[in-house]
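For the sequence shown, the UniProt record's numbering gives the first residue as 1, with consecutive numbering after it.
Calculated from the structure, these hints are not laboratory results. One or more hints might be untrue.
Mimicking SDA-like on lysine to any residue, the simulated pairs with C-alpha atoms at most 20 Å apart in a straight line are [said to hold, decoys possible]:
#1 Lys79 - Pro147
#2 Lys89 - Ile71
#3 Lys516 - Glu460
Label pairs and their calculated CB-CB ranges [to be verified]:
#4 Pro337 - Arg420: 35 to 41 Å
#5 Asn329 - Leu8: 48 to 54 Å
#6 Asn336 - Gln599: 26 to 32 Å
#7 Gly352 - Ser409: 40 to 46 Å
#8 Arg16 - Thr281: 23 to 29 Å
Every residue, glycine too, gets a C-beta built ideally from N, C-alpha and C.
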Amino acid sequence: MAELIPTLNSCTEKMRSGERRLAKRLEASLDNDCLCWYDIPVGQQQRRYPDFIILNPERGLLLLEVKDWRIEHLHNVNKAYVEYGHITKVNPIEQVRQCSYVVINQLKTDKQLIQQDDRYKGSLCMPYGYGVFFSHITRKQLNNAIPIDEQANLLPPHLIICSDEITDAVSHESFNQALWALFPYQFKTTITSVQRDRIRWHLFPEIRITHTQADFFQTDETDVGRGSYQSAPDIIRIMDIQQELLSRSLGEGHRVIHGVAGSGKTLILLYRCLYLAEVLTTPILVLCYNMTLAARLKCQMAERGLENRVQVFHFHGWCKDQCQQYHVNVDAFEGNPWEQHVEAVIDAVKEGKIPKEQYGALLIDEGHDFDSAWLALVTQMVDTKTNALLFMYDDAQSIYRKRGALGFSLASVGIQAQGRTSVLRLNYRNTKEILAFSYRFAQQHFDSRDDMHTAFMPPEAAGMQGVAPELKSFESLSKEVSYLISWIKREHSEGICWRDMAILCPSNSVGKYLEKALADTDIPHSHFFTAYDKKRYNPSDDNVSIFPLPSSKGLEFHSVAVIDSSHILNDGHDLADEARRLYVGFTRATQHLLVTWHQNNALSISLENSFNHRGS
Numbered sequence: 001m002a003e004l005i006p007t008l009n010s011c012t013e014k015m016r017s018g019e020r021r022l023a024k025r026l027e028a029s030l031d032n033d034c035l036c037w038y039d040i041p042v043g044q045q046q047r048r049y050p051d052f053i054i055l056n057p058e059r060g061l062l063l064l065e066v067k068d069w070r071i072e073h074l075h076n077v078n079k080a081y082v083e084y085g086h087i088t089k090v091n092p093i094e095q096v097r098q099c100s101y102v103v104i105n106q107l108k109t110d111k112q113l114i115q116q117d118d119r120y121k122g123s124l125c126m127p128y129g130y131g132v133f134f135s136h137i138t139r140k141q142l143n144n145a146i147p148i149d150e151q152a153n154l155l156p157p158h159l160i161i162c163s164d165e166i167t168d169a170v171s172h173e174s175f176n177q178a179l180w181a182l183f184p185y186q187f188k189t190t191i192t193s194v195q196r197d198r199i200r201w202h203l204f205p206e207i208r209i210t211h212t213q214a215d216f217f218q219t220d221e222t223d224v225g226r227g228s229y230q231s232a233p234d235i236i237r238i239m240d241i242q243q244e245l246l247s248r249s250l251g252e253g254h255r256v257i258h259g260v261a262g263s264g265k266t267l268i269l270l271y272r273c274l275y276l277a278e279v280l281t282t283p284i285l286v287l288c289y290n291m292t293l294a295a296r297l298k299c300q301m302a303e304r305g306l307e308n309r310v311q312v313f314h315f316h317g318w319c320k321d322q323c324q325q326y327h328v329n330v331d332a333f334e335g336n337p338w339e340q341h342v343e344a345v346i347d348a349v350k351e352g353k354i355p356k357e358q359y360g361a362l363l364i365d366e367g368h369d370f371d372s373a374w375l376a377l378v379t380q381m382v383d384t385k386t387n388a389l390l391f392m393y394d395d396a397q398s399i400y401r402k403r404g405a406l407g408f409s410l411a412s413v414g415i416q417a418q419g420r421t422s423v424l425r426l427n428y429r430n431t432k433e434i435l436a437f438s439y440r441f442a443q444q445h446f447d448s449r450d451d452m453h454t455a456f457m458p459p460e461a462a463g464m465q466g467v468a469p470e471l472k473s474f475e476s477l478s479k480e481v482s483y484l485i486s487w488i489k490r491e492h493s494e495g496i497c498w499r500d501m502a503i504l505c506p507s508n509s510v511g512k513y514l515e516k517a518l519a520d521t522d523i524p525h526s527h528f529f530t531a532y533d534k535k536r537y538n539p540s541d542d543n544v545s546i547f548p549l550p551s552s553k554g555l556e557f558h559s560v561a562v563i564d565s566s567h568i569l570n571d572g573h574d575l576a577d578e579a580r581r582l583y584v585g586f587t588r589a590t591q592h593l594l595v596t597w598h599q600n601n602a603l604s605i606s607l608e609n610s611f612n613h614r615g616s
């Protein structure tokens, strides 16, 4: 069975009858390694929407246009146009041909997708074809309407599939033969998985991933229809098939994604924002817990020009904004200022002072850090007409609440997503070595039986091979920091940008000590320990970033150093909270991870055991 993207269930309602019929046959008849995309635009500024793009490793790339036309309405056909009823339309063969040229010209810009032999140098390394499916016109009707000797110049018979040629009675083999006959030639070679992903990289820029995701929203590409393209790097990173399938198939209503660290949750959220910004006229709200993550998301929205369409807040910042916007007095409420704002908003919504349904869509990242009362509040902010809500979480990264698992049902807080929860277990961010070490360490402290066996999902590695994490013990914090400084300088000398490095600390006191030590070096750095600092975080600033461990959630860097890692904040009887903080920190590193400590205790022993058992 072929993979249809998006899933058939998610797009059935918008399909015309002929498209639905063809989609079912494609899904049922093609091999498991075939990919079929439905109604996904290609090109940049002049977007073109082929009805179907089929990628078969054995056959090549095929574009199909579907027409639910009836023969009695078809008049005055020429190469460029047809008169259908009383409307002049583009000849469907010309329509799909032009679309295929956009695709092929884009792919030919990639040296890894063209042939190098002198005879065929510069040609695409795979066959490609295109055709039209008439879902309500039989071959006999077409031949009677247009003489066969005239069809070659108008609707070439070898590029047309008629309704009677893919009925339910037609076998899978015959159906496949009809499709493959649309190719003008065949190759003996097959499309490799690397070539397949490069094809996806070119056709669908929205699924691209960079090491930092900082340029996810860059718009430096030009319209492929003008003959100018963005060059593909030698090594590309894109969503895997399941991530792309999930992103494109979310559909309407409330959706939940439970994913391990590095599985692409935030990337899917960003993709969802792009889509919703195109289809909604009302504001879109993105909430998270961390100020630094909110700052990063704001930068990415601004780079795409979505800052006026998508509002990004950390939760407490949103509550403060609501109080200011609707002139809500917070002095009557107890607690610190952040708690006062939360209680004031909850009360004001109940009394009607703050309106409900302010947003066309609500997207929540790092939802595992949200209290049930907060979620019950913000779910009321979604317009019931659109009812678009996306909730993303990972219990293993829950570091602000005492419980690892959510501790409440999502339905109890207004998230109606029964049967619409997706699980992401594949980690693409970290090297296999970093992920294996992080998992071995966390496994010692997390209770995998909590919350219906989902409190700590074992991640599956999808990352590249890399170097093992570096673990070092020192006699004092000063020696620890001295080694850290030399490590940072060595990373930079090997070509790593300052902005691609981060230092994570378990406490503010260590951060202040580190800040003083770095002040005496030539290492450009920025620290993010206060609310003011965190709000101004910009991933494009070329400085080494220094964060408290919790504030690194949702971020990623090429090289990460976690210092004073055996520091224990609580009474030391239960190391689960410390383990969660460290697990979050370790999984921020995409390539290089340094872990240091100077205190010998149960936590340092656990770290050493996790490293020493890496071969078992």
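Falls inside 48 to 54 Å, the C-beta gap from asparagine 329 to leucine 8? holds (53 Å)
Given a hint of 35 to 41 Å, does the C-beta separation of proline 337 and arginine 420 actually sit inside it? Cβ of proline 337 to Cβ of arginine 420: about 37 Å, so the range 35 to 41 Å holds.
Given the hint of 23 to 29 Å, check if arginine 16 and threonine 281 actually sit that far apart at their C-beta atoms. holds (25 Å)
Between the beta carbons of glycine 352 and serine 409, is the distance compatible with 40 to 46 Å? violated (27 Å)
Does proline 147 sit within 20 Å of lysine 79, going by the straight-line distance between their CA atoms? holds (15 Å)
Evaluate the given range 26 to 32 Å for the C-beta pair formed by asparagine 336 and glutamine 599. Because 30 Å falls inside the window, the suggested range holds.
Holds or violated: lysine 89 and isoleucine 71, Cα atoms, limit 20 Å. holds (15 Å)
Measure nothing beyond the straight line between the CA atoms of lysine 516 and glutamate 460; if it is 20 Å or shorter, mark the hint as holding. With Cα atoms ~40 Å apart, lysine 516 and glutamate 460 exceed 20 Å; violated.
Violated hints for the displayed structure, listed by number in ascending order: 3, 7.
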